[in-house]
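Enquirer: Per the numbering used here, residue 1 is the first one in the sequence shown, and the count goes up by one each step.
No wet-lab data here; the hints were simulated from the structure. What you are looking at is a predicted structure, and each value in this text was computed from that prediction instead of being measured. Fair warning: there could be bad hints in the mix.
What the hints assert, rightly or not - Using 20 Å as the maximum straight-line C-alpha spacing, the simulated PhoX-like pairs for lysine-lysine come out as follows:
id : residue 1 : residue 2
1  : 132       : 99
2  : 241       : 231
3  : 132       : 290
As the list claims (entries may be wrong) - Restraint-style ranges between C-beta atoms, simulated for each label pair:
id : residue 1 : residue 2 : range
4  : 4         : 150       : 46 to 56 Å
5  : 264       : 161       : 43 to 53 Å
6  : 152       : 285       : 21 to 31 Å
By construction, the Cβ of each residue, glycine as well, lies at the ideal position given by its N, Cα and C atoms.
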Amino acid sequence: MKHVIEQSILQTIAFFDVFNYPLTAEEIWKWLYRPGRKVRLSEVKDLLENSDTLSKEIVRTEAFYSLQDREYTHLIRKHHNNLAERKFARALRLVRIYKYLPFIKMIAISNTLAYSNAGEESDIDFFVITAKKRIWIVRFFTIMLIYFFGMRPKNGHIRDAFCLSFFISEDNLNIQRIMISSKDIYSPYWVRQLLPVYNVDNTYQKFLKANKWTEAYLPNAYENKFVKEIKSGRWSKFISKLLGFIICPPFIGRAFNATFRRVQSKIISRNLQSLINVDTRVIIDEQMLKFHSNDRREIFYKKWRDRMHALMDNTNEDDV
1 MKHVIEQSIL
11 QTIAFFDVFN
21 YPLTAEEIWK
31 WLYRPGRKVR
41 LSEVKDLLEN
51 SDTLSKEIVR
61 TEAFYSLQDR
71 EYTHLIRKHH
81 NNLAERKFAR
91 ALRLVRIYKY
101 LPFIKMIAIS
111 NTLAYSNAGE
121 ESDIDFFVIT
131 AKKRIWIVRF
141 FTIMLIYFFG
151 MRPKNGHIRD
161 AFCLSFFISE
171 DNLNIQRIMI
181 SSKDIYSPYW
191 VRQLLPVYNV
201 DNTYQKFLKA
211 NKWTEAYLPN
221 AYENKFVKEI
231 KSGRWSKFIS
241 KLLGFIICPP
251 FIGRAFNATF
261 RRVQSKIISR
271 NLQSLINVDT
281 RVIIDEQMLK
291 FHSNDRREIF
301 YKKWRDRMHA
311 LMDNTNEDDV
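Modelling step: build the complete structure from the supplied sequences, incorporating the hints.
Expert: Shown next, in the form of structure tokens:
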């Protein structure tokens with residue numbers, strides 16, 4: 001079992017190394033990849049300090065563990081942590097507006113910014129959960145707002161722009177079907193790294209419960225908390241309900257959602273049109289809208305696999 005945990009530690013550090021992100025001991029424990037069971041933090045710390053196998057492959061710089069010869073990545077992580085504050089502030093300003101829109105159940109920051117690792121030129125990715133049968137309405141108004149305020153990417157420039165390319169409805173919380181294969185290491189991390197910044201009716205907790213399959217990959221992961229999470233107030237709730245009644249009157253909500261779908265379907269780019277429901281890159285139905293034509297999960301997997309192959313070759317050469 002000791003060997004299994006050592007292997008998991010190497011796999012975890014190697015995965016985050018793909019993103020130039022060394023980890024603390026506590027983070028290695030939280031994000032431990034496929035150890036086969038829940039592992040105590042003390043077990044991880046003991047192996048990090050005393051394992052001969054690990055000492056040959058990883059190095060500690062300040063509080064961060066990285067692969068050998070990758071010690072400099074702790075400087076990249078610190079730089080990105082500082083950048084994250086600006087991007088979080090920008091994200092929260094938009095969410096304070098979004099909370100007045102109807103039918104939004106959760107907004108979470110996703111991808112690298114979710115763990116404060118976004119670069120200077122990167123955009124801000126949102127993952128949105130909507131009320132059932134209202135997914136197209138929510139997409140329309142959230143996109144229109146960032147278009148109106150000039151917050152969408154323009155002419156290839158994405159710095160601090162907003163990317164709203166993934167929506168699901170509250171009656172479709174299990175997103176295991178988007179995995180590209182059983183070897184997809186990125187998707188379980190993506191789910192568990194989501195950072196909820198607006199959470200209505202405990203939708204984030206319901207989402208995690210619906211995606212318990214991630215526990216087979218990351219058994220130590222737990223809920224993420226954001227101290228600056230935006231809350232609904234009395235006035236925002238009132239305005240949201242009023243707008244919901246105006247935009248989508250009772251008893252004809254499904255027809256309105258279909259209307260918003262037809263309008264948006266006509267302006268989906270030709271490139272995306274050719275990819276709709278072909279695989280997991282672009283999914284369009286009444287419960288999921290996913291527009292990731294440049295899906296890099298396969299690339300991330302291959303980079304991680306190459307790192308692991310190199311580590312295993314070193315281990316074999318040392319007869320460990």
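Enquirer: What hints, given by number in increasing order, does this structure fail?
Expert: Hint check: 5 fails alone, others pass.
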